[in-house]
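Trainee: Sequence:
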Amino acid sequence: MFHDPAVTRHALPPSLIPTASAPPSLIPAASAPPSLIPAASDPSSLIPAASAPPPAAPPPRSVPSLLGGVLAVCEAAQRDAFPSAAAAVNIAPTGRAGADYQNNSALALYGTMKAAGALPEGVKSPRDVAERLAERMRAHDREAIFAKVEVAGAGFINIFLSERWLAERVKAIVTHGVLPPPSRQLEVVVDFSSPNVAKEMHVGHLRSTIIGDTICRLLEFCGHHVRRVNHVGDWGTQFGMLIAHLKNVFPNYSSEPPPIANLQQFYKDAKLLFDKDEAFKKTAHEEVVKLQAGDGNSRYAWEQICNVSRREFEKIYSRLEVDLQEVGESFYNEYIPGVVAHLEEIGLAKPTDEDAEGRCAKVIFPPGSKHENPLIVTKSDGGYGYDSTDMAAIWYRIFELRADWLVYVTDAGQGPHFDLIFEAARAAGWVTQQRLDHCPFGMVCDEHGKKYKTRSGEVVRLVDLLDEAVHRMRDGMEARRVEAEASGAYGGRAPNMAAEEMDHASRVLGYGAVKYADLKGNRNSNYNFSYERMLDPKGNTAVYLLYAGARISSILRNAPVTPAQLVAMGAAVELGCEEETALAREILRFQEVVEDATATLLPNTLCEYAYGLCGQFTKFYQVCRVIDSPQQNSRILMLSALEGVLRKTYRLLGLGYLERI
Numbered sequence: 001m002f003h004d005p006a007v008t009r010h011a012l013p014p015s016l017i018p019t020a021s022a023p024p025s026l027i028p029a030a031s032a033p034p035s036l037i038p039a040a041s042d043p044s045s046l047i048p049a050a051s052a053p054p055p056a057a058p059p060p061r062s063v064p065s066l067l068g069g070v071l072a073v074c075e076a077a078q079r080d081a082f083p084s085a086a087a088a089v090n091i092a093p094t095g096r097a098g099a100d101y102q103n104n105s106a107l108a109l110y111g112t113m114k115a116a117g118a119l120p121e122g123v124k125s126p127r128d129v130a131e132r133l134a135e136r137m138r139a140h141d142r143e144a145i146f147a148k149v150e151v152a153g154a155g156f157i158n159i160f161l162s163e164r165w166l167a168e169r170v171k172a173i174v175t176h177g178v179l180p181p182p183s184r185q186l187e188v189v190v191d192f193s194s195p196n197v198a199k200e201m202h203v204g205h206l207r208s209t210i211i212g213d214t215i216c217r218l219l220e221f222c223g224h225h226v227r228r229v230n231h232v233g234d235w236g237t238q239f240g241m242l243i244a245h246l247k248n249v250f251p252n253y254s255s256e257p258p259p260i261a262n263l264q265q266f267y268k269d270a271k272l273l274f275d276k277d278e279a280f281k282k283t284a285h286e287e288v289v290k291l292q293a294g295d296g297n298s299r300y301a302w303e304q305i306c307n308v309s310r311r312e313f314e315k316i317y318s319r320l321e322v323d324l325q326e327v328g329e330s331f332y333n334e335y336i337p338g339v340v341a342h343l344e345e346i347g348l349a350k351p352t353d354e355d356a357e358g359r360c361a362k363v364i365f366p367p368g369s370k371h372e373n374p375l376i377v378t379k380s381d382g383g384y385g386y387d388s389t390d391m392a393a394i395w396y397r398i399f400e401l402r403a404d405w406l407v408y409v410t411d412a413g414q415g416p417h418f419d420l421i422f423e424a425a426r427a428a429g430w431v432t433q434q435r436l437d438h439c440p441f442g443m444v445c446d447e448h449g450k451k452y453k454t455r456s457g458e459v460v461r462l463v464d465l466l467d468e469a470v471h472r473m474r475d476g477m478e479a480r481r482v483e484a485e486a487s488g489a490y491g492g493r494a495p496n497m498a499a500e501e502m503d504h505a506s507r508v509l510g511y512g513a514v515k516y517a518d519l520k521g522n523r524n525s526n527y528n529f530s531y532e533r534m535l536d537p538k539g540n541t542a543v544y545l546l547y548a549g550a551r552i553s554s555i556l557r558n559a560p561v562t563p564a565q566l567v568a569m570g571a572a573v574e575l576g577c578e579e580e581t582a583l584a585r586e587i588l589r590f591q592e593v594v595e596d597a598t599a600t601l602l603p604n605t606l607c608e609y610a611y612g613l614c615g616q617f618t619k620f621y622q623v624c625r626v627i628d629s630p631q632q633n634s635r636i637l638m639l640s641a642l643e644g645v646l647r648k649t650y651r652l653l654g655l656g657y658l659e660r661i
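The C-terminal position of the sequence shown is numbered 661 in full-length UniProt numbering, with every residue numbered one higher than the one before it.
If you're looking for bench data, these hints aren't it; they were derived computationally from the structure.
What you were told as hints is all true, and nothing was included just to trick you.
Derived DSS-like pairs: lysine-lysine, alpha-carbon spacing no greater than 25 Å straight-line:
#1 K538 / K619
#2 K648 / K538
#3 K379 / K290
#4 K520 / K453
#5 K124 / K114
#6 K199 / K450
Per label pair, the in silico range of CB-to-CB distance:
#7 D467 / F160: 48 to 58 Å
#8 Y300 / C360: 31 to 41 Å
#9 K370 / E500: 49 to 59 Å
#10 G429 / G539: 48 to 58 Å
#11 P251 / E500: 36 to 46 Å
#12 K370 / A293: 37 to 47 Å
#13 D467 / C360: 47 to 57 Å
#14 P251 / E485: 52 to 62 Å
#15 N522 / E485: 36 to 46 Å
#16 S554 / P83: 50 to 60 Å
Since the structure is predicted, the reported quantities are computational estimates derived from the model, not experimental observations.
The beta-carbon is built from N, C-alpha and C at its ideal position, and this holds for glycine as well.
Kindly produce the complete structure, drawing on both the sequences and the hints.
Mentor: This is the structure:
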């Protein structure tokens, strides 16, 4: 079980935790740094050094999105044109009249100034406002972002981006790499995956794992410090029966690791005994008591069961290339009493009416909540449950981890539970500026829209699903290889792929197909699982995307000059036709899409972008020859930028990249 050694552990309510008197950066140093103090005995320190060339500017760490660049100019223009008017600038992408963006601020700005009786002299309509804004936009466009700015209709401002500026931005990708949009670094905790110990991961865990991983990748790329928390179910009354069963079946568990080959069957056998054998049930209850009391033997047995599960989980995570820090439910046990006591002290957790035995539970009805059921932070028997654990977890993440942003990725059915957790944390005064998000997702369904199960009605094991995807992909590639060999297609290249290379490609394609099928739809909706659709090399699939990437890499691999050589030569990107300009625009939308996907926590935004970008490349490829064309150098640079953006986009989605298929 993961424990962060860098975190000081407390069981105190936050009101009792002392805060630092001042951040270290605000405490003045006792003396100036030695490097700033000239040595008194060294007269040479007073002689100006010979002039030296200025140091090279450090490479940029981020780059504004196209929308961000346009917005900055429009905001400056609005402040200049109407300094006393407080109204938001409204910029939207548009394809109307060939424009790239549209400034729709004039109508609202006119209404605001008119209502306040503050219309400037000469302004009689929204179009007058738009004309003044357009004039100031041209004046503030110091980087020559705009090719032209035109007022249309009742007061809309159409913005056309400069091809020269677009070309320079594309070249910058080749020079500096694919950079994130600017953002302020935050401490983020993302809670996702969270399988239960002693149960195998099934198709239901796929969505939380894949969606959560992509959210983490996006946040990490944007410069945030992200804790990837796996809140595994490693505590509860069910462990009594599991420990009792372990001691029966593997009495030497303390000296030999228990050879549990099938966790799912082990759990089923224990549950069967628990339901039918009263003596076993009594023993199981006794084991729960001993475990919670800290009995050494019971705790060791519990650790053995957790270790077996952990090894199985790691096999899945390794295949999916998902990194997680395990911080299970048991981690918060020592925090729960202090957190519950604090909630009682502030009057948020209140006792229920006594039951027949004179006992009462402690519950929270968050003020103003739309939910009728409360959070139960203490059961009538004095025990704790999921509500207690989750309240302790959110307290810990806010006060111990100092999180600025908490993200929980679970199925939509847990929405009401997290509403209550968030409402209670706010009512307790724990939440100040922190952002709290529950990212719900729908079910994985079969092609008929029913819950995805095996023919026997069992939940599909995740390992079986992944194996089947790779197997089908490998068979499909082999069939295409045989067909190509028989027909002489592809110049004989496809049949030359070694078996080892084909195995690797089938894994990248198979796992990628499963991930992408999960991510490409809005996570709030159910999605219908179909191997045939997800492994189709045509349409909006990972297979199509990866084939497009391989085609781009093939062109660059066969080019007579490399992008790095072209950069050293000072070659430029030139946009000479509609397909080149359209591809450049789509490449440069990357930062804008990342900003949107990060703000909404909707990975399908990134999928839509990847599919659209590959489609734009296909249009370019159909009409624009690259190698040995008059525009060869420019187009090689363009494809190098495209490949870089695609690689990064695929990486954010958790997909591999194949240079050859």
